[in-house]
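Participant: Here is how the chains run, residue by residue.
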Amino acid sequence: MRDNTLKYLLVLPAVLVVFATAVWPLIESLRLSFTVGRLNRPGSLDQYLGWENFTWAFSQEPAFWNSVWVTTVYTFLTVALTTVLALGLAMLLAPGGRFRSGVQTLLILPFAMSPALIGVSFRFMFNPEFGLFDAFFGVIIPPLADVSWLADPVLAFAVCVMADVWGWIPFLTLVLIGGLASVPQDTIEAAQVDGASGWRVFRDITLPQLAPVLAVVIILKSIFSLKTFDQIFMLTNGGPGTATQTLSHYIYFNGMKYGQIGYAASVAWLMVIPMIFLTYAYAKFVFRKN
Amino acid sequence: MAEVTLKNLTKRWGDFIGVDNQSLEIHDKEFLVLLGPSGCGKTTTMRMIAGLEDPTDGEIRIGDRVVNDDLPRDRDVAMVFQNYGLYPHMTIFDNIAYPLRVRGTPKNEIEPRVRKAAEQVELTEFLHRKPKALSGGQRQRVALARAIVRTPKVFLMDEPLSNLDAKLRVTMRAELKHLSRALKITTIYVTHDQIEAMTLADRVAVMKNGIIQQLGTPDEIYNDPANLFVAGFIGSPAMNLINGSVQDGHFVTTGGTKLVRVAAPDSPSVVLGVRADDMRVAEEGEGDLDVRIYAFENTGEATLLTVQWGKQRVIAKGDRHLRKDQDDIVSVSLDSDHLYLFDPETGDRIKR
Chain A
1 MRDNTLKYLL VLPAVLVVFA TAVWPLIESL RLSFTVGRLN RPGSLDQYLG WENFTWAFSQ
61 EPAFWNSVWV TTVYTFLTVA LTTVLALGLA MLLAPGGRFR SGVQTLLILP FAMSPALIGV
121 SFRFMFNPEF GLFDAFFGVI IPPLADVSWL ADPVLAFAVC VMADVWGWIP FLTLVLIGGL
181 ASVPQDTIEA AQVDGASGWR VFRDITLPQL APVLAVVIIL KSIFSLKTFD QIFMLTNGGP
241 GTATQTLSHY IYFNGMKYGQ IGYAASVAWL MVIPMIFLTY AYAKFVFRKN
Chain B
1 MAEVTLKNLT KRWGDFIGVD NQSLEIHDKE FLVLLGPSGC GKTTTMRMIA GLEDPTDGEI
61 RIGDRVVNDD LPRDRDVAMV FQNYGLYPHM TIFDNIAYPL RVRGTPKNEI EPRVRKAAEQ
121 VELTEFLHRK PKALSGGQRQ RVALARAIVR TPKVFLMDEP LSNLDAKLRV TMRAELKHLS
181 RALKITTIYV THDQIEAMTL ADRVAVMKNG IIQQLGTPDE IYNDPANLFV AGFIGSPAMN
241 LINGSVQDGH FVTTGGTKLV RVAAPDSPSV VLGVRADDMR VAEEGEGDLD VRIYAFENTG
301 EATLLTVQWG KQRVIAKGDR HLRKDQDDIV SVSLDSDHLY LFDPETGDRI KR
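In order, the protein sequence lines correspond to chains A and B. Counting with my numbering, you get residues 1 to 290 for the letters of the first sequence. Counting with my numbering, you get residues 1 to 352 for the letters of the second sequence.
Wrong hints could be hidden among the right ones.
[Claimed, not checked] Below are the DSSO-like pairs computed for lysine-lysine, each with C-alpha atoms no more than 30 Å apart in a straight line:
hint, chain 1, residue 1, chain 2, residue 2
1, A, 284, B, 132
2, B, 130, A, 284
3, B, 132, B, 29
What the hints contain is simulated information worked out from the structure, not anything from laboratory work. Predicted model, so just to flag it, every value in this text is computed and none were measured.
Given the sequences, and given the hints that come with them, work out the whole structure.
Facilitator: Structure, rendered in structure tokens:
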């Protein structure tokens with residue numbers, strides 16, 4: 001019995017810390033989402049408003065729908081591009097692939113950078129006056145020579161996608177290299193002898209056996225893309241206009257800049273819906289039996 | 001017609017020599033076994049024939065065609081892997097059908113051919129299952145069915161029975177032999193198990209350190225070993241190898257005992273090889289040499305006597321009804337028609 005008490009006593013501090021830093025804020029934000037919640041109006045944090053914040057977002061706020069759209073396109077593009085490119089790289093870098101070791105170490109570098117730093121670097125790179133990428137793209141694609149990348153809604157969005165893909169490829173590549181290493185070599189050799197071409201070996205043998213790892217990679221990256229904030233904040237700050245304003249950026253703006261903490265909390269809780277769905281899918285793939 | 005011809009085949013990885021300048025002709029419809037201890041180059045040789053490994057040097061021919069530069073799929077071979085190499089995400093039916101599908105066999109032909117192959121290996125009731133739902137022996141049959149569903153020019157089998165338990169291995173061995181006689185397709189079979197080699201092969205190539213030591217029928221390999229390595233590798237229990245010399249036409253042990261008449265010129269140093277079966281065991285004083293029993297083993301079908309022979313131990317096979325005990329004295333005689341002499345320096349056989 002004494003051992004049992006001690007056991008719980010020892011975990012207690014950790015439980016308290018988690019409660020204070022995660023559980024309580026979560027509950028508090030849920031409460032706030034049903035209040036008027038203006039930071040500049042004392043007492044409004046306790047002023048009950050019902051579902052009005054939520055209905056407001058859906059009916060009165062084009063900027064909300066804009067950020068939903070931006071986040072959706074951004075998530076779809078970054079997940080697709082990162083996964084495809086990482087899979088290609090992993091095939092080249094996997095044991096028995098064409099390149100290895102030295103390249104693998106180099107590859108980890110972008111992942112070692114903080115997303116905010118990536119945002120800053122890309123802003124520099126696309127600076128119209130001294131940006132390296134700006135000059136480079138100007139040379140290989142002449143129509144883009146005089147464009148100011150970050151001032152154009154479509155191009156600024158493209159730069160955001162580019163920066164994110166660049167930053168996330170290493171991690172996904174490493175995970176996929178691990179996944180490829182667990183595909184038994186003799187199934188690949190058996191297919192080669194059975195008569196399959198390189199493409200069919202990949203499609204019929206490698207890819208299906210890689211599917212569970214690939215699913216986890218896609219789900220994880222979707223979660224990361226959905227919550228993107230720091231990189232966008234440093235790179236475009238949501239602009240030009242609201243062209244690159246993702247949901248988390250929209251939430252930040254309304255909560256911190258405009259002081260509408262109640263409204264921001266309710267949008268944040270709306271974002272929980274796709275997150276719960278993805279987390280459930282993730283858990284299903286990672287902890288599934290067999 | 002598909003004979004396989006290897007000409008001066010070599011495989012090197014840096015300084016390590018896997019296969020060393022070997023030439024070998026495998027006849028059409030022949031069952032050839034590559035036999036040797038692990039690391040002897042037998043699997044490498046097979047993988048080069050399959051196209052899974054590029055030779056450093058030399059030529060591989062299948063039929064009339066030099067296949068060195070052909071991809072595995074263009075060589076028209078079928079292979080059975082040691083770990084079966086089944087596709088875990090496909091059903092047994094799809095596994096067996098895969099070689100047909102990728103080679104563009106018409107859809108309506110696939111089903112009957114898969115069923116026929118499955119029948120040949122007695123697997124028809126498992127076609128809808130996945131490989132992991134099958135036992136080791138059943139998986140082995142799937143791998144076999146996948147190989148025979150097409151009619152390739154050559155079968156390649158890489159230690160196909162070595163992952164099975166001892167009892168299943170004996171059954172599968174017989175099934176393999178039956179199947180290979182029925183199919184009549186050139187087969188190259190890699191194993192380290194000399195019983196498999198003896199029972200299955202038309203001809204055996206015994207390999208060591210990347211070099212074929214002897215190529216011959218199982219009878220030749222067993223009864224007429226070319227050197228010490230082959231003599232020691234083939235047969236269970238292994239052939240007894242006794243150091244000594246030849247003086248006046250007799251073999252004399254290192255201990256100085258004049259033992260048996262041999263038809264060989266005098267030599268200060270030879271190795272005498274004699275199989276346990278070729279030694280007669282008799283009561284003390286009734287044979288050529290009295291020896292003390294070091295260990296007595298009864299296997300049921302025979303008895304094995306390990307006897308102390310000077311400084312060496314020698315195994316003799318006795319009658320199944322013989323009963324002796326440790327430290328008893330028995331007398332053994334050698335059958336002078338079944339003795340082998342080897343040069344201890346080169347390992348080569350000294351022919352009479």
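Participant: Each hint: holds or not?
Facilitator: The hints, checked one at a time:
1. Proposed proximity of residue 284 of chain A and residue 132 of chain B is supported: the alpha carbons are some 21 Å apart, at most 30 Å.
2. Only pairs whose Cα atoms come within 30 Å are accepted, and residue 130 of chain B paired with residue 284 of chain A is accepted, the gap being roughly 22 Å.
3. With a C-alpha separation of about 34 Å, the suggested pairing of residue 132 of chain B with residue 29 of chain B is violated against the 30 Å cut-off.
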